[in-house]
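Now for the letters of each chain:
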Amino acid sequence: MSTQVAARPVAVEKRTRMSQRTRDNIAGFLFISPWLIHFLFLIAFAMLFSFGISLTETDLLSGAKFVGLANYTRMWDDELFWKAFGVTAYYTFALVPTSIVISLAIALLMNQKIAFQGVWRTLYYLPSVVQGVAVALLWGYVLNPRFGLLNAGLRAIGIEGPNWLYSEQWAVPGFILMGLWGAGGAMLLYLAGLQGIPTPLYEAAEIDGANSWNRFRHITIPMLTPTIYFNLLINIIASFQVFTQVYVLTNGGPNNATLTQVLYIYRKGFQNFQFGYASALAWVLFLVIMLFTILVVRSSDGWVHYEGELKK
Amino acid sequence: MIQEEKAYSASSSPAGLQGTQGANWALILNKTQYGVGRILLYAVLILGAIIFSLPLVWMISTSFKPDALVFNMPIVWIPPKPDWANYYDAWTKSVPPFTTYYANTIFITVMSIIGLILSSSLVAFGFARIRFWGRNVIFMVLLSTMMLPSQVTLIPIYLFWSKLGLVNTFWPLIGPEWLTNAYNVFLLRQFFMSINTELDDAARIDGAGWFTIYSRILMPLARPAVGVIAIQAFAWNWNNYLGPLIYLSEPKKLTVAIALRLFETQQSQHIPETMAMTLVALIPVLLVFYFGQARFIQGIVISGVKG
Chain A
186 MSTQVAARPV
196 AVEKRTRMSQ
206 RTRDNIAGFL
216 FISPWLIHFL
226 FLIAFAMLFS
236 FGISLTETDL
246 LSGAKFVGLA
256 NYTRMWDDEL
266 FWKAFGVTAY
276 YTFALVPTSI
286 VISLAIALLM
296 NQKIAFQGVW
306 RTLYYLPSVV
316 QGVAVALLWG
326 YVLNPRFGLL
336 NAGLRAIGIE
346 GPNWLYSEQW
356 AVPGFILMGL
366 WGAGGAMLLY
376 LAGLQGIPTP
386 LYEAAEIDGA
396 NSWNRFRHIT
406 IPMLTPTIYF
416 NLLINIIASF
426 QVFTQVYVLT
436 NGGPNNATLT
446 QVLYIYRKGF
456 QNFQFGYASA
466 LAWVLFLVIM
476 LFTILVVRSS
486 DGWVHYEGEL
496 KK
Chain B
29 MIQEEKAYSA
39 SSSPAGLQGT
49 QGANWALILN
59 KTQYGVGRIL
69 LYAVLILGAI
79 IFSLPLVWMI
89 STSFKPDALV
99 FNMPIVWIPP
109 KPDWANYYDA
119 WTKSVPPFTT
129 YYANTIFITV
139 MSIIGLILSS
149 SLVAFGFARI
159 RFWGRNVIFM
169 VLLSTMMLPS
179 QVTLIPIYLF
189 WSKLGLVNTF
199 WPLIGPEWLT
209 NAYNVFLLRQ
219 FFMSINTELD
229 DAARIDGAGW
239 FTIYSRILMP
249 LARPAVGVIA
259 IQAFAWNWNN
269 YLGPLIYLSE
279 PKKLTVAIAL
289 RLFETQQSQH
299 IPETMAMTLV
309 ALIPVLLVFY
319 FGQARFIQGI
329 VISGVKG
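First to last, the sequence lines map onto chains A and B. Here our numbering is used: the first residue of the first sequence is 186, the next is one more, and so on. Here our numbering is used: the first residue of the second sequence is 29, the next is one more, and so on.
Only chain A is shown next, with the shape it has when bound in the complex (with noise of 0.2 Å):
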């Protein structure tokens, strides 16, 4: 921006340069006018809209009724709110974690030097490309305990499978493993990341005697934080609003086992038409994601490694 301004000739006469600056504040505003329009509709008014409707008691007959925040508190005793809380919790802190290890390790693989490299890249890659309901149907018939592929596979090696989406205890690690099959997506951010570490520093910590594992705990890692911290925050945030698999599948069975928080809502809201119930629900999935981002970019200080920020 600054080399824009003094790229402009010096000595141009004061009252050009005033209307100059009025042009150039009409034009920024008409170039980002689309956004405005956007925010000022689709996100401040209908924020406070939402919030509005959160403190009526809605129904399609009688129309809104201002209740205050009964439906806030109304929450604190539904047990299936905290049922969806803590499925919500278990599928993402389960799901992330797990998923940021196994796209590391397989851009770690697919950094080395081997044959056809475009060819595993692909192979790993592609499950990733393959979202929502088409992903949904297949990994269905893919933990299918009868026919399933996976209890196939684990009768091959001797062990009888759960009933995955039909049981209760295996339903949310159904929807983990679906997840996992497109971990290869954050791969390319890893491999990006992996190919900018410079060379030297690995060179010297040769030198220095450091063994491969040294290497890879003390330069990889640390170097890698900045992408490990974005797919975190991603991650979180996308899995805390799972809700299509959910759908499809299971619809939150079986006796709510996999009833997500989105889904709740759209239940409330699209399925009971209890609208003020369910914009109050996505208030508290707001408020939940942003405590949770709030916690990881707090925590980033910490173990976030940045080569270009100054020593503290």
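I should point out that these hints are in silico values taken from the structure, not numbers from a laboratory. Among the clues, some could well be false.
[Unchecked claim] Okay, the calculated beta carbon distance ranges per label pair: (1) B:71 / A:236: 53 to 59 Å; (2) A:491 / B:211: 18 to 24 Å; (3) B:134 / A:261: 43 to 49 Å; (4) A:491 / B:125: 51 to 57 Å; (5) B:227 / A:406: 38 to 44 Å; (6) B:296 / A:271: 48 to 54 Å; (7) A:330 / B:120: 31 to 37 Å.
Backbone N, C-alpha and C fix where the C-beta goes; we use that ideal spot for every residue, glycine too.
Given the coordinates of chain A, assemble chain B onto it according to the supplied hints.
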């Protein structure tokens, strides 16, 4: 520990040695160890690749099986008589046929991508190039909206479209895309910022306006980043489930994603047909990713994940 690494990077010259960890290991291991390491490496690679690709292979194989063969144990990987009819039967058996769902989905996806690219690039250009009042504050607000889960605004936006009488049309799905979103603005703005301002300064001295600089200079240069946005938007719109689920109910207006699930519930006894339709639904996404891969990877590097 961090200080030590700083010392390394400071003391060593940026030699252009093209070495990966593998190459470094190769240097220090003797040949036998190296050989064993290689075998192990390939064993892990192959095992992993099998685990990751088997579900897709199973899907392809199942889509060609007669219904009963699905339940065979051990799994029959190559059906003796491939049942091509599964594809045709499934496609035409659904009411309306899948052609309608594909037409709808393609229309929604293409219209959304056009709107998203236009609006995102205009907004990103504004933030990246023009100095206007309150720019930085507004940009911070934009970044902070990325944290907001869409569920919070879902109900008001639904009520809004419903008041306009546009529920059960494609408007609620396409319209918002024409107003861009924070993620795409951020991505493109980062890319625009990485382009030197010399060209636009020169153009400005020649009397070019902002729109000319946007359309004649930056947009042609931003093609790779625009490609990334288009690919991601394609995948997102193609797979979008909650949106069509809420807004579309009339059978002839449904999208492929919704229709697939309906088909599966209605034809649950015909697993091969469901797998055939799922596979067909995947093909456009796979093609787009395949042809966009070079751009896609490039784009990720550009957008600067490293913050």
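So, going through the hints one by one against the coordinates:
1. B:71 / A:236: 53 to 59 Å: Given about 56 Å between the Cβ atoms, the range holds.
2. A:491 / B:211: 18 to 24 Å: holds (22 Å)
3. B:134 / A:261: 43 to 49 Å: holds (47 Å)
4. A:491 / B:125: 51 to 57 Å: Distance hint for residue 491 (chain A), residue 125 (chain B) holds at roughly 55 Å.
5. B:227 / A:406: 38 to 44 Å: The hint (38 to 44 Å, Cβ to Cβ) holds, given that residue 227 (chain B) and residue 406 (chain A) are roughly 40 Å apart.
6. B:296 / A:271: 48 to 54 Å: Violated: the Cβ-Cβ distance is about 30 Å, outside 48 to 54 Å.
7. A:330 / B:120: 31 to 37 Å: Taking Cβ atoms as reference, residue 330 (chain A) and residue 120 (chain B) lie about 32 Å apart, which means the hint holds.
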